[in-house]
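Number of protein chains: 2
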Amino acid sequence: MSEERPRRLDLGVDRAAVLAANRAFYDAFEARDIDAMSDLWAHDDRVVCVHPGWTELRGWAAVAASWAALFGGPQHLQLIVTDEHVVLAGDVAWVSCDENLLAVDGSATVASLNVFARDDRGTWKLLVHHAAPVMSTAGDDEG
Amino acid sequence: MSEERPRRLDLGVDRAAVLAANRAFYDAFEARDIDAMSDLWAHDDRVVCVHPGWTELRGWAAVAASWAALFGGPQHLQLIVTDEHVVLAGDVAWVSCDENLLAVDGSATVASLNVFARDDRGTWKLLVHHAAPVMSTAGDDEG
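As they're listed, the protein sequences go chains S and D. Under our numbering, the first residue of the first sequence carries the number 1, and numbering increases by one thereafter. Under our numbering, the first residue of the second sequence carries the number 1, and numbering increases by one thereafter.
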């Protein structure tokens with residue numbers, strides 16, 4: 001049974017590291033910090049980003065440009081992230097969570113999925129940010 | 001260089017298997033086939049499903065109930081899936097794609113991410129279906 005221990009400890013460490021990466025993402029987002037945001041992502045053509053209501057952006061160049069545009073825009077958001085659930089699967093992990101967005105013109109909830117992969121240095125890098133707006137009249141359609 | 005070949009072939013096989021699983025998901029969806037849908041998913045508490053506009057459903061019981069409710073409802077959808085992009089990461093893979101939904105009362109586009117993991121038998125099982133409605137007035141908010 002003692003053999004189990006290191007693995008369990010590692011899982012705890014990994015979970016904490018993934019949660020920390022997820023929180024760093026939202027910190028960079030709220031702070032409109034493009035350098036911190038850039039550091040969090042893998043910089044390759046695997047990355048996918050769906051901002052709420054947008055079509056998919058694929059590849060780091062398109063994703064980076066979207067964050068630059070958002071951070072350069074007039075909208076300042078306050079984000080409260082709740083209900084974070086982490087799933088670990090080897091060198092891949094994902095967090096599903098709720099983003100509670102507060103802006104001057106109202107509030108909204110977004111159901112988000114953030115997929116991370118561990119790179120060669122052991123750092124969890126963001127590969128997918130997938131943000132689905134929660135609608136009050138939901139339930140009629142599907143996809 | 002010959003050592004590279006099996007790996008490249010495997011990647012091709014894996015990619016095809018993941019795409020086949022993704023298409024089987026949409027086939028089951030369009031056919032309203034609850035047994036086929038059930039077979040596709042991992043049946044554990046890791047699974048997450050976000051139907052367009054809904055909050056997250058977590059765990060197989062909640063996800064299964066949602067498909068039963070959708071398939072028992074009045075809405076019959078035709079689905080055309082386009083722009084499938086596969087990313088392989090060991091025993092995990094994901095597909096981002098567009099769901100073009102046609103119903104009697106109109107059409108809609110949904111940006112979806114489907115995460116699969118290979119089980120002990122080598123079968124790719126669905127762990128996450130995350131559907132984000134694409135809105136015509138997108139771009140004002142983020143999450």
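Incorrect hints may have been included.
[Unchecked claim] Negatives, chain D to chain S, calculated, CB over 12 Å:
no., residue
1, D39
2, H43
3, R58
4, A93
5, S112
6, A117
7, A132
[As the list claims (entries may be wrong)] Derived coverage of chain D by chain S (criterion: at least 3 residues anywhere in the stretch with Cβ under 8 Å from a Cβ of chain S; other residues may be distant):
no., stretch
8, 10 to 22
9, 76 to 90
10, 94 to 108
[To be verified] Some chain D residues well away from chain S (every beta-carbon gap over 12 Å; in silico):
no., residue
11, D27
12, D33
13, D35
14, A36
15, S38
16, A64
17, P133
Everything labelled a hint here was simulated from the structure, so no lab data went into it. Just so it is clear, CB atoms sit at the ideal spot from N, CA and C, and this is done for glycine as well.
Here's how the hints hold up against the structure:
no.	hint	verdict
1	D39	holds, 19 Å
2	H43	holds, 15 Å
3	R58	violated, 6 Å
4	A93	violated, 9 Å
5	S112	violated, 6 Å
6	A117	violated, 6 Å
7	A132	violated, 4 Å
8	10 to 22	violated (count 0)
9	76 to 90	holds (count 7)
10	94 to 108	holds (count 7)
11	D27	holds, 14 Å
12	D33	holds, 14 Å
13	D35	holds, 18 Å
14	A36	holds, 16 Å
15	S38	holds, 16 Å
16	A64	holds, 14 Å
17	P133	violated, 7 Å
When the structure is compared with the earlier hints, violations turn up for hints 3, 4, 5, 6, 7, 8 and 17 and for no others.
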